[in-house]
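**Student:** Sequence:
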Amino acid sequence: MGYFADALPIHLFLAKTQNLVDTISKTDFQSDQLAVLAASGVDVILGSGYFSSSPQLSFAIDNRNLRSRSYLLATGSIPSIPQIPGLEQAEYLTLSSLGQSQFDQSIKTWTILGATPNAIAFAQYLSSLKQRVIILTKNAHILPQEDHEIAHLLKAQLEAMGIQVITQVKIQEVKTVNSKKRIILEKQVIESDEILLTSEASPQTNSLNLNEVNVKFDQTRIFTNSQLQTNNPQIYACGSLLGGYNISEIAEYEAGVAVNNALFSTKINLNYSLIPYGFSLYPNFARIGLTEIQARQKSDTNIQIFKIYFNKSHNQTQLLDTITGICKLIINSKQEILGVHILENQAAELITLFALAIQQNIKLDQLVKINSPSPIFSEILQQLN
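Take 1 as the starting number for the sequence shown in my numbering and just add one per residue.
In case anyone wonders, no lab produced these hints; they're calculated from the structure.
From the three backbone atoms N, C-alpha and C, an ideal C-beta is built for every residue, glycine too.
Take these hints with a grain of salt, some might be off.
[As the list claims (entries may be wrong)] Label-pair distances were calculated between CB atoms; the ranges are:
| hint | residue 1 | residue 2 | range |
| --- | --- | --- | --- |
| 1 | T176 | L263 | 20 to 30 Å |
| 2 | Q360 | I61 | 44 to 54 Å |
| 3 | L356 | S54 | 50 to 60 Å |
| 4 | P82 | S265 | 38 to 48 Å |
| 5 | E336 | S179 | 53 to 63 Å |
| 6 | N206 | P233 | 18 to 28 Å |
| 7 | G244 | Q33 | 24 to 34 Å |
| 8 | E336 | Q227 | 43 to 53 Å |
| 9 | Q335 | S265 | 28 to 38 Å |
| 10 | A140 | G41 | 43 to 53 Å |
| 11 | S52 | L274 | 31 to 41 Å |
| 12 | N385 | A160 | 27 to 37 Å |
| 13 | E212 | D43 | 21 to 31 Å |
Given these sequences and hints, build the entire structure.
**Tutor:** In structure tokens, the structure reads:
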């Protein structure tokens with residue numbers, strides 16, 4: 001089963017992902033799940049606390065010092081606001097604030113700061129409303145954690161939709177001039193009706209006193225090893241504290257690894273290469289395993305790259321009315337599948353099939369012999385054979 005972050009349609013993306021998630025986390029979880037935990041014999045303490053190293057490692061909360069063999073940090077993350085001169089004065093929107101207010105249809109020009117998956121999804125939604133959208137990112141690619149070729153093709157799709165994407169930007173200042181918001185870059189000035197901030201998140205650790213207990217972290221994440229131990233071997237961390245995408249199923253997987261390693265002597269190492277995930281974009285994106293760059297760094301030099309392109313010259317894609325996409329496979333010399341990256345409207349279905357093959361150690365020369373009822377998966381297998 002793949003792990004997919006909700007992005008579109010907009011009424012689900014804003015209302016469900018923002019308002020409902022916040023409401024559930026504050027009400028249902030506290031009233032129902034905490035009661036279940038308490039009934040199971042788990043002590044539940046609500047409040048703010050902090051770590052102390054003297055006289056021994058403990059966690060102070062509610063006038064109590066809690067001591068344990070191990071601790072697990074799962075405090076989540078908070079939006080990181082970039083320090084841009086004039087940004088606060090000019091004011092801006094976030095996906096959270098959009099979800100809590102009436103969507104202003106009068107805004108015709110948007111500048112989106114950041115190229116996160118949700119930012120891209122929202123840009124595509126705005127474009128469908130015939131609004132002008134500009135995406136600014138400090139990175140060299142959109143979705144910098146993904147395969148660069150996939151990111152390049154997605155960028156081309158955005159531009160074909162009329163969305164302007166500017167990479168490697170350095171914003172000098174933001175001003176408000178005649179009710180317009182003017183964003184001053186190094187070599188150009190961008191003017192728009194509204195600014196949407198979709199910046200990276202920062203770990204929510206301010207009150208925990210982590211420096212005293214030797215837990216290393218920066219503005220984007222807490223550092224852990226492959227067993228999710230921090231620099232302090234008694235303290236583990238999981239979820240959005242680790243940086244990267246905020247996908248609940250991946251956080252759940254990390255929590256399972258962290259809890260096992262914190263409680264039991266038999267340790268488990270993280271293996272993200274077995275976990276599929278994706279994003280509801282247009283076209284949809286899904287991935288499992290290594291990128292081409294990662295594979296060349298970690299594997300033997302004899303890796304093979306297979307690329308299957310989808311376009312409207314193929315009968316099945318004509319019937320399904322999909323736009324141009326790609327399936328990129330990375331294979332080693334033993335015919336083992338190291339990574340699969342798909343940009344296509346049926347990416348979720350396809351990545352689940354490849355994930356099953358990887359998890360069952362089915363090699364490529366065995367996979368191509370499978371007869372699939374899925375027209376598009378059959379097409380991929382035929383071209384790979």
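**Student:** Now, for every hint given, state plainly whether the structure supports it.
**Tutor:** Hints, one by one, checked against the model:
Between T176 and L263 the beta carbons are some 54 Å apart, a value that contradicts the proposed interval 20 to 30 Å. Between Q360 and I61 the beta carbons are some 45 Å apart, a value that agrees with the proposed interval 44 to 54 Å. Between L356 and S54, the C-beta spacing of about 51 Å keeps the proposed range 50 to 60 Å intact. For the hinted restraint 38 to 48 Å between P82 and S265, the CB-CB distance of approximately 44 Å keeps it satisfied.
Range check, E336 to S179: Cβ separation about 58 Å, and the 53 to 63 Å hint holds. Take N206 and P233: their Cβ atoms lie about 23 Å apart, and the range 18 to 28 Å holds. A C-beta distance of roughly 25 Å is found between G244 and Q33, which places it inside the suggested range of 24 to 34 Å. In this structure the supplied range 43 to 53 Å is violated for E336 paired with Q227, their Cβ-Cβ distance being about 24 Å.
For Q335 paired with S265, a C-beta distance near 36 Å keeps the hint of 28 to 38 Å intact. A hinted range of 43 to 53 Å holds for the C-beta pair A140 and G41, which are about 51 Å apart. A hinted range of 31 to 41 Å for the beta carbons of S52 and L274 is consistent with their spacing of about 38 Å. The hint said 27 to 37 Å for the Cβ distance between N385 and A160, and at roughly 31 Å that hint holds.
At about 24 Å, the beta-carbon gap between E212 and D43 stays in the expected band of 21 to 31 Å.
When each numbered hint is compared with the structure, violations occur for hints 1 and 8.
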